[in-house]
Amino acid sequence: MTCVICDYVSGKIATKKLYEDENILAVLNPTPTIFGHALVMPKKHYVILDQLPEEIAKKMFYIAQQISGIVFEAVGAEGTNIMLNEGFVAGQKHAHCLIHVIPRKKEDGLNFDWPQKQIPEESMNKIYELLKVPEGKIAEKPLKEAETLKIEEKKEVSKEDFRIKQLRRIP
Amino acid sequence: MEQQCIFCGIATGQVPSKTIFEDDVVRVVLDIYPANPAHMLVLPKQHHAILNQLSKEEVEHLGKIAKQLSELIFKVLKPDGINFFIANGAVAGQKAPHFILHAIPRFKGDGLNFEAPEKEIDKKELSAFYDKLKPILKNYFPGVDFTEKEMPEEEKKADKNESKKEDKEDINLDEITEMFS
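Heads up: the sequence lines are chains A and B, in that order. To convert a position in the first sequence, counted from 1, into the numbering used here, add 1194. To convert a position in the second sequence, counted from 1, into the numbering used here, add 893.
Chain A with its partners taken away, still in its complex shape (with noise of 0.2 Å):
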């Protein structure tokens, strides 16, 4: 099966690099929105964040503020939006976990702004109780970095990972 975001990796496809350590690539986007918008992607396959280390998770988010900063600095741009699109429907058109810089400059044509909803407090109670984290429990888990790393890029993505089959109801 193949990979755009992978042949970027292997090089197959030829980009200007940004950054690279053993597991993140930063390039250049071949085919961008915006003149310097750029990818910063895990080497390896991962369709979505929460299949990534934690520490490549940690990494790809502080290359990414470099690069925002990296942009500032040599378009001359007004802002940056950084985006990580999770699922089809969210605009993510590579299965391929992915996070874009993009610089941003007044009219440039871009808009990604949404209007607000009204939620009624009722439904805003319940989501709350659906989602809320018992203290603490959410962040710490207290292993070693270098067993973290070990441990997750052991494990298999089952193909009946819940993530996974909620993705694929997209057509």
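The set of hints was computed from the structure by calculation and includes no laboratory data. In this text, a Cβ means the ideal position worked out from N, Cα and C, and glycines have one as well. One or more of the hints may lead you astray.
[What the hints assert, rightly or not] Which residues of chain A face chain B? A few of them, derived with a C-beta cut under 10 Å, are:
| hint | residue |
| --- | --- |
| 1 | Lys1210 |
| 2 | Glu1214 |
| 3 | Asn1217 |
| 4 | Lys1253 |
| 5 | Ala1258 |
| 6 | Ser1262 |
| 7 | Ala1268 |
| 8 | Asp1302 |
| 9 | Leu1304 |
| 10 | Asp1307 |
| 11 | Trp1308 |
| 12 | Lys1311 |
| 13 | Gln1312 |
| 14 | Val1327 |
Fit chain B to the given chain A structure using the hints.
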């Protein structure tokens, strides 16, 4: 903490909010004027106006929190997707004076659009831009090799086969890839 910043008040807990999660670095709250139900705001407790002002530790922490929110949102809400979104500067759509990482659950037909349309660009222009960029890149990422080298065709092929094999052994994502093609 900035006196006039409402989001500092929310982040530190002085202004009440529906807090999904909190630790020393961030508070994750439900947006009261959401793009979609369960739209969450990840607010650093320290006041920063834009992303570039966050410390390395804070940014890396955002990556970790985003990963965990991705799991939480998919598991609990079963949406069709999620957008993680940062608007950096007013031209980029930033409305608050406080840095925010948005996590927006997406549902088919919800009318939102975060697509980054792909355009072809002039290769020469790109090369010229990249040459200008290189000194800046070297300054930011001193350890990285930015020399551009053409790989010989044979190596290219070998490389491609190897990486393909690796992908297949590690995770079977063929079916997932299919749905995007």
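Hint by hint, here is what the structure shows:
1. Lys1210: 4 Å, holds
2. Glu1214: 6 Å, holds
3. Asn1217: 13 Å, violated
4. Lys1253: 7 Å, holds
5. Ala1258: 8 Å, holds
6. Ser1262: 6 Å, holds
7. Ala1268: 5 Å, holds
8. Asp1302: Hint on Asp1302(A): holds, closest Cβ of chain B at ~8 Å, below 10 Å.
9. Leu1304: 8 Å, holds
10. Asp1307: With a closest approach of 5 Å, the Asp1307(A) hint holds.
11. Trp1308: Nearest chain B Cβ about 4 Å off; hint holds.
12. Lys1311: 6 Å, holds
13. Gln1312: 8 Å, holds
14. Val1327: 5 Å, holds
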